[in-house]
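Each protein sequence line maps, in turn, to chains A and B. Under this note's numbering, the residue at position 70 of the first sequence is numbered 70, and the numbers go up by one with no gaps. Under this note's numbering, the residue at position 335 of the second sequence is numbered 335, and the numbers go up by one with no gaps.
Note that these hints are calculated values from the structure, not bench results. Among the hints, erroneous ones may be present.
The list makes no distinction among identical chains, and a pair is therefore deemed to hold if it is satisfied within one copy or across any two copies.
[As the list claims (entries may be wrong)] Below, in silico cross-link-like pairs of lysine-lysine (DSS-like), each with a Cα-Cα straight-line distance of 25 Å or less:
hint: 1; residue 1: Lys-43; residue 2: Lys-398
hint: 2; residue 1: Lys-43; residue 2: Lys-157
hint: 3; residue 1: Lys-398; residue 2: Lys-294
hint: 4; residue 1: Lys-157; residue 2: Lys-84
hint: 5; residue 1: Lys-17; residue 2: Lys-157
hint: 6; residue 1: Lys-343; residue 2: Lys-84
hint: 7; residue 1: Lys-84; residue 2: Lys-17
hint: 8; residue 1: Lys-43; residue 2: Lys-17
hint: 9; residue 1: Lys-343; residue 2: Lys-17
hint: 10; residue 1: Lys-84; residue 2: Lys-43
hint: 11; residue 1: Lys-36; residue 2: Lys-84
hint: 12; residue 1: Lys-398; residue 2: Lys-343
hint: 13; residue 1: Lys-157; residue 2: Lys-398
hint: 14; residue 1: Lys-43; residue 2: Lys-294
hint: 15; residue 1: Lys-36; residue 2: Lys-157
Protein chains: 2
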Amino acid sequence: MDLHDLTRSLHVRNESKIVMLVADGLGGLPLEPGGKTELETAKTPNLDRLAQTGVLGSSIPVVPGISPGSGPGHLALFGYDPLKFQIGRGALEATGIGIELGPRDVAARGNFCTLASDGTISDRRAGRIPTEESGPLAIRLRDARIDGVELTVEPVKEHRFVVVFRGEGLGGDVDDTDPQATGVPPLAPRARDSQSQRTAQVAAEFVRQAEELLQGEAKANGLTLRGFSPRPDLASYEEVYGLRAAAIAVYPMYKGLARLVGMEIVGQPQTLDEQIGLMRESWNSHDFFFLHFKYTDSTGEDGNFDEKVRRIEELDAAIPTILDLQPTVLIVTGDHSTPSALKSHSWHPVPTLLHAAHCRPDPCREFSETECLRGGLGQFEAKYLMSLALANAGRLGKFGA
Amino acid sequence: MDLHDLTRSLHVRNESKIVMLVADGLGGLPLEPGGKTELETAKTPNLDRLAQTGVLGSSIPVVPGISPGSGPGHLALFGYDPLKFQIGRGALEATGIGIELGPRDVAARGNFCTLASDGTISDRRAGRIPTEESGPLAIRLRDARIDGVELTVEPVKEHRFVVVFRGEGLGGDVDDTDPQATGVPPLAPRARDSQSQRTAQVAAEFVRQAEELLQGEAKANGLTLRGFSPRPDLASYEEVYGLRAAAIAVYPMYKGLARLVGMEIVGQPQTLDEQIGLMRESWNSHDFFFLHFKYTDSTGEDGNFDEKVRRIEELDAAIPTILDLQPTVLIVTGDHSTPSALKSHSWHPVPTLLHAAHCRPDPCREFSETECLRGGLGQFEAKYLMSLALANAGRLGKFGA
Numbered sequence: 001m002d003l004h005d006l007t008r009s010l011h012v013r014n015e016s017k018i019v020m021l022v023a024d025g026l027g028g029l030p031l032e033p034g035g036k037t038e039l040e041t042a043k044t045p046n047l048d049r050l051a052q053t054g055v056l057g058s059s060i061p062v063v064p065g066i067s068p069g070s071g072p073g074h075l076a077l078f079g080y081d082p083l084k085f086q087i088g089r090g091a092l093e094a095t096g097i098g099i100e101l102g103p104r105d106v107a108a109r110g111n112f113c114t115l116a117s118d119g120t121i122s123d124r125r126a127g128r129i130p131t132e133e134s135g136p137l138a139i140r141l142r143d144a145r146i147d148g149v150e151l152t153v154e155p156v157k158e159h160r161f162v163v164v165f166r167g168e169g170l171g172g173d174v175d176d177t178d179p180q181a182t183g184v185p186p187l188a189p190r191a192r193d194s195q196s197q198r199t200a201q202v203a204a205e206f207v208r209q210a211e212e213l214l215q216g217e218a219k220a221n222g223l224t225l226r227g228f229s230p231r232p233d234l235a236s237y238e239e240v241y242g243l244r245a246a247a248i249a250v251y252p253m254y255k256g257l258a259r260l261v262g263m264e265i266v267g268q269p270q271t272l273d274e275q276i277g278l279m280r281e282s283w284n285s286h287d288f289f290f291l292h293f294k295y296t297d298s299t300g301e302d303g304n305f306d307e308k309v310r311r312i313e314e315l316d317a318a319i320p321t322i323l324d325l326q327p328t329v330l331i332v333t334g335d336h337s338t339p340s341a342l343k344s345h346s347w348h349p350v351p352t353l354l355h356a357a358h359c360r361p362d363p364c365r366e367f368s369e370t371e372c373l374r375g376g377l378g379q380f381e382a383k384y385l386m387s388l389a390l391a392n393a394g395r396l397g398k399f400g401a
Numbered sequence: 001m002d003l004h005d006l007t008r009s010l011h012v013r014n015e016s017k018i019v020m021l022v023a024d025g026l027g028g029l030p031l032e033p034g035g036k037t038e039l040e041t042a043k044t045p046n047l048d049r050l051a052q053t054g055v056l057g058s059s060i061p062v063v064p065g066i067s068p069g070s071g072p073g074h075l076a077l078f079g080y081d082p083l084k085f086q087i088g089r090g091a092l093e094a095t096g097i098g099i100e101l102g103p104r105d106v107a108a109r110g111n112f113c114t115l116a117s118d119g120t121i122s123d124r125r126a127g128r129i130p131t132e133e134s135g136p137l138a139i140r141l142r143d144a145r146i147d148g149v150e151l152t153v154e155p156v157k158e159h160r161f162v163v164v165f166r167g168e169g170l171g172g173d174v175d176d177t178d179p180q181a182t183g184v185p186p187l188a189p190r191a192r193d194s195q196s197q198r199t200a201q202v203a204a205e206f207v208r209q210a211e212e213l214l215q216g217e218a219k220a221n222g223l224t225l226r227g228f229s230p231r232p233d234l235a236s237y238e239e240v241y242g243l244r245a246a247a248i249a250v251y252p253m254y255k256g257l258a259r260l261v262g263m264e265i266v267g268q269p270q271t272l273d274e275q276i277g278l279m280r281e282s283w284n285s286h287d288f289f290f291l292h293f294k295y296t297d298s299t300g301e302d303g304n305f306d307e308k309v310r311r312i313e314e315l316d317a318a319i320p321t322i323l324d325l326q327p328t329v330l331i332v333t334g335d336h337s338t339p340s341a342l343k344s345h346s347w348h349p350v351p352t353l354l355h356a357a358h359c360r361p362d363p364c365r366e367f368s369e370t371e372c373l374r375g376g377l378g379q380f381e382a383k384y385l386m387s388l389a390l391a392n393a394g395r396l397g398k399f400g401a
């Protein structure tokens, strides 16, 4: 019996509202020994007040020591064991640029490359072709025609694009065609199981036509395909939790991840204020609200400690407007840490706050990495956050008699 | 390799004595923000002294957010993963009223219902018939006769009773006959696997005879059967831990749960003093003593904060008598929390105390939910308590060379 077997069989419905505010990459590090983290430096009177009446803890996105990407980081927050449910690279890339994958789709990441006259790869990234040049080439590839297959090609950035094949009988298990070396030709797409034979044939035909369409290009006259993957098979929030969930995010990646677990994508907000406004508008039609705040991550990635502090303060300033809606359960957390000191996602536990009427209080006085160490949630795997949310919302019955 | 593979291969025998004192539903909540829990309110000088030299922690009965019933709560304390080992509802109900299930038994919960003249259910609970009326009817059902099957019928409460079929070839996988609706007849018992075909036939014959025996009753002239289940297959304490275990409990449910893991049921105590007396008498013949104290749960269920406080103080007063026996390891914990504020089992971690010569001390000064947060056992899944007990009793060898 796994976590979703539990929530599937125990969940009940009621009038409660759960808000999960995800500050991407929230956790940080001090810049020097004895210093404070970004969250500890930021003035966060509203979050600190919640910390005093709520319960804190440190969430571990995957397992200790593992730095997750956005995919596993969010799957864990959504309650999907990130080691059990994996999103293929092609599917994640497609999701990230806003392509809505269907059950008959196989997605792959495409790389433009430079082929020498003998057909071998002379540059695996097509001379790091700029997006302005590669974008129109990706769009040109839409002219390929394959019987019984609907083709989607979208530019991503520089030498990268995404291709989605839609059709009957397309398995997702096909080897990469990138040989990871120059001086050799791209590999032919090769199926790893019988259900993917047709996918390999379709991909080979796509590559053949694409090379014709790219003929004469100096840099990008060839391509490789990687990370073939179908739409991941994730049970919906409605089914496993009995929640009508709304995702209110600015960036396509997070909308896409939320869509994969059956959340409804609400609006096209550009700011946190707009996100909260949309939450207010959909308050009665939904039970669960996933609000995504990107800038704690992007500033961390930039190594900009002060700007990350400022973004955390911006988040804190939005808390009263959220509280005005009187959510039954309010969670503030991140999908992973992005310390400015590392300029990257990291493995450090993520400060997490849960506020609800029946959470057991702990001695914490402010929302910070250090205080979270003595929080009542302890250190816990992020995948358990949803069962905690449901319990605190009165939405879980008793397990066993 | 699972937990029991470990303990099975590593356990050794010695003269140590382990006492596990389970205060049912021990964990609590403050009644108001900033307040204290029941355990924090209670004056517990003896438990506090143990906390200073022992080690504390917060145990999670199942996984975060899950409120367990008595079955999974105790299985976890006994070291049986409650998600792996599940006790069917019929078996638990039979266990709870003191029926000792054997390997050829299938138990089911029975509900009296009212049937209209056309055979459809007009009241699924037989007009909430009082126990004084339903008890004799349940006993009347013992007159049913089925070839090759030994029948046990026991009244429970109001419309509920338990039936156990004992015989060869009775599988436990039969669908409920309760249609969960009125205006339709009870369902016929239907086997979910071939080994349960005979059980379904036997159950159908029992229902047929029971309806004859109930003919003419105004309220309870029909019945439905639910939660068919065999005796759960649990390895014994002797086998997995090398412990001769004694269960000293007042209520049948806890004796029954202990019997399922091979503990010997000692005496018929009515008070905690009598329980401790029985423990003293069986001190030399056993290695492990499970003492169950019900009233921290029942007062919590009643929402009686003050009475729960008083019951905790009663428990505390018994500690010196237990210590007089000089147990090698003394554990005080609960199977779950039952906060008076919620009047129900809850998901909150359970304050846990382990006292032994070689536990590593922590800074805790008293036994309370808040102090347990900084305890040396941290937050841990309850299923690990037995391996901790064995280790502290010097009963576990080294894993690997």
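Worksheet item: With identical chains treated as interchangeable, where does the CA-CA distance between Lys-36 and Lys-157 reach 25 Å or less: within a copy, between copies, both, or neither?
Response: neither (36 Å within a copy, 57 Å between copies)
Worksheet item: Using 25 Å as the alpha-carbon threshold, which applies to Lys-343 and Lys-17: within, between, both, or neither?
Response: The answer is between: 22 Å across copies meets 25 Å, while 35 Å in one copy does not.
Worksheet item: Between the shortest in-copy and the shortest cross-copy C-alpha distance, which are at most 25 Å for Lys-84 and Lys-43: within, between, both, or neither?
Response: The answer is neither: 38 Å in one copy and 46 Å across copies each exceed 25 Å.
Worksheet entry | Homomeric proximity label, Lys-43 with Lys-17: Cα distance no greater than 25 Å | Neither: 27 Å inside a copy, 38 Å across copies.
Fill in: Intra- versus inter-copy proximity for Lys-398 and Lys-157 (alpha-carbon distance at most 25 Å)
Cα proximity of Lys-157 and Lys-398: across copies only (20 Å, versus 50 Å in one copy).
Worksheet item: For Lys-36 vs Lys-84, is the C-alpha pair at or below 25 Å within one copy, between two copies, both, or neither?
Response: neither (35 Å within a copy, 40 Å between copies)
Worksheet item: Between copies, within a copy, both or neither: which fits Lys-157 and Lys-84 at Cα up to 25 Å?
Response: Cα proximity of Lys-157 and Lys-84: none, with 30 Å in one copy and 44 Å across.
Worksheet item: Checking Lys-398 and Lys-343: alpha-carbon separation at most 25 Å within a copy, between copies, both or neither?
Response: For Lys-398 and Lys-343, only the inter-copy Cα distance (13 Å) is at most 25 Å; the intra-copy one is 44 Å.
Worksheet item: Between Lys-398 and Lys-294, at a C-alpha cutoff of 25 Å, which is it: within one copy, between copies, both, or neither?
Response: between (36 Å within a copy, 18 Å between copies)
Worksheet entry | Within, between, both or neither, where Lys-43 and Lys-398 count as close if Cα-Cα is 25 Å or less | neither (40 Å within a copy, 31 Å between copies)
Practice prompt. State whether the alpha carbon distance between Lys-17 and Lys-157 is at most 25 Å within one copy, between copies, both, or neither.
Written response: Neither. Shortest intra-copy (39 Å) and inter-copy (37 Å) distances fail the 25 Å Cα cut-off.
Practice prompt. Check Lys-84 against Lys-17 for me: Cα-Cα at most 25 Å, and say if that holds within a copy, between copies, both or neither.
Written response: neither (28 Å within a copy, 32 Å between copies)
Checked against the numbered hints given earlier, the structure breaks hints 1, 2, 4, 5, 6, 7, 8, 10, 11 and 15 and satisfies all the rest.
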